[in-house]
Amino acid sequence: MALEVNGKSIAVDEEGYLENRDDWNTDIAKAIAQEEGLDMSDSHWEVVNFLREYYDEYQIAPAVRVLTKSIGKKLGKDKGNSKYLYELFPYGPAKQACKIAGLPKPTGCV
Amino acid sequence: MSKRFLYVNRKAPYGTIYALESLEVVLIGAAFEQDVSLAFLDDGVFQLTRGQQTDELGVKNFSPTYKALGDYDVNKIYVERESLEARGLSLDDLLPLTYEDEDDDWAEKDSIKLVSAAELAEIMQAQDVVLSF
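If you're matching them up, the sequences are chains A and B in order. Under this note's numbering, the first sequence has 73 at position 39, and the numbering climbs by one with no breaks. Under this note's numbering, the second sequence has 37 at position 22, and the numbering climbs by one with no breaks.
What the hints contain is simulated information worked out from the structure, not anything from laboratory work. There may be inaccurate statements among the hints.
Below, computed lysine-lysine pairings styled on BS3-like, alpha-carbon distance capped at 27 Å [what the hints assert, rightly or not]: (1) B:75 <-> A:139; (2) A:108 <-> B:124; (3) B:82 <-> A:129; (4) B:82 <-> B:128; (5) B:26 <-> A:103; (6) B:91 <-> A:108; (7) B:75 <-> A:117; (8) A:129 <-> A:139; (9) B:75 <-> A:111; (10) A:111 <-> B:82; (11) B:75 <-> A:113; (12) B:26 <-> A:107; (13) B:91 <-> A:103; (14) A:108 <-> B:82.
Produce the complete structure using the sequences and hints provided.
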């Protein structure tokens with residue numbers, strides 16, 4: 035499967051996750067978000083960027099419980115809760131945000 | 016009622032899939048809020064060594080993922096002293112694995128405990144489930 039972004043064809047798997055993490059850029063992120071029916075706000079980017087940093091450091095996409103806890107620690111308690119994250123990413127913060135961030139599907143994702 | 020799970024890791028990190036599979040099972044299993052500990056012995060101690068370089072092997076270096084175990088509330092990591100010493104390694108050669116202790120004002124603490132073979136045998140005895148990789 036492939037995603038068309040700026041006239042370029044980007045390989046994705048059957049669920050829409052990037053085949054090659056190095057392909058990622060912000061235009062691709064926006065294109066994936068659009069497929070997901072999301073309009074990227076600063077709050078969305080904050081979570082997506084957090085996930086990319088987490089992946090760079092630990093080489094995994096965190097489970098949603100760990101994501102929630104870590105976001106709370108880094109960005110404050112008002113953001114480190116499921117309600118806030120599910121409002122941004124209704125189909126699951128780990129799953130949907132990871133896809134937009136160009137990361138693999140989280141290990142043990144919900 | 017949570018059960019006591021021990022994951023026993025005996026193999027070198029690359030060359031077989033055991034080490035990575037074990038780590039993935041631990042991370043997935045961590046969602047079920049059991050009492051989880053990990054043991055590293057024999058060549059398994061190499062899984063925790065610092066400075067792993069896998070470019071020439073053409074596989075992903077997954078050793079940074081061990082540092083996420085603390086986030087997953089997996090903070091009892093036993094390394095067998097005899098195995099470490101037999102390979103000319105010491106605690107300083109291993110990744111610094113830490114966790115934040117919720118019951119102690121989130122103080123950062125070391126997850127790795129060096130134990131003797133005899134102590135590890137006792138730890139194994141005390142488990143409900145032992146999974147060997």
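For each hint, the structure was consulted:
| no. | hint | result |
| --- | --- | --- |
| 1 | B:75 <-> A:139 | holds, 16 Å |
| 2 | A:108 <-> B:124 | holds, 19 Å |
| 3 | B:82 <-> A:129 | holds, 22 Å |
| 4 | B:82 <-> B:128 | holds, 15 Å |
| 5 | B:26 <-> A:103 | violated, 32 Å |
| 6 | B:91 <-> A:108 | holds, 25 Å |
| 7 | B:75 <-> A:117 | violated, 34 Å |
| 8 | A:129 <-> A:139 | holds, 6 Å |
| 9 | B:75 <-> A:111 | violated, 34 Å |
| 10 | A:111 <-> B:82 | holds, 23 Å |
| 11 | B:75 <-> A:113 | violated, 32 Å |
| 12 | B:26 <-> A:107 | violated, 35 Å |
| 13 | B:91 <-> A:103 | holds, 20 Å |
| 14 | A:108 <-> B:82 | holds, 17 Å |
When held up to the earlier numbered hints, the structure conflicts with 5, 7, 9, 11, 12 and fits the remainder.
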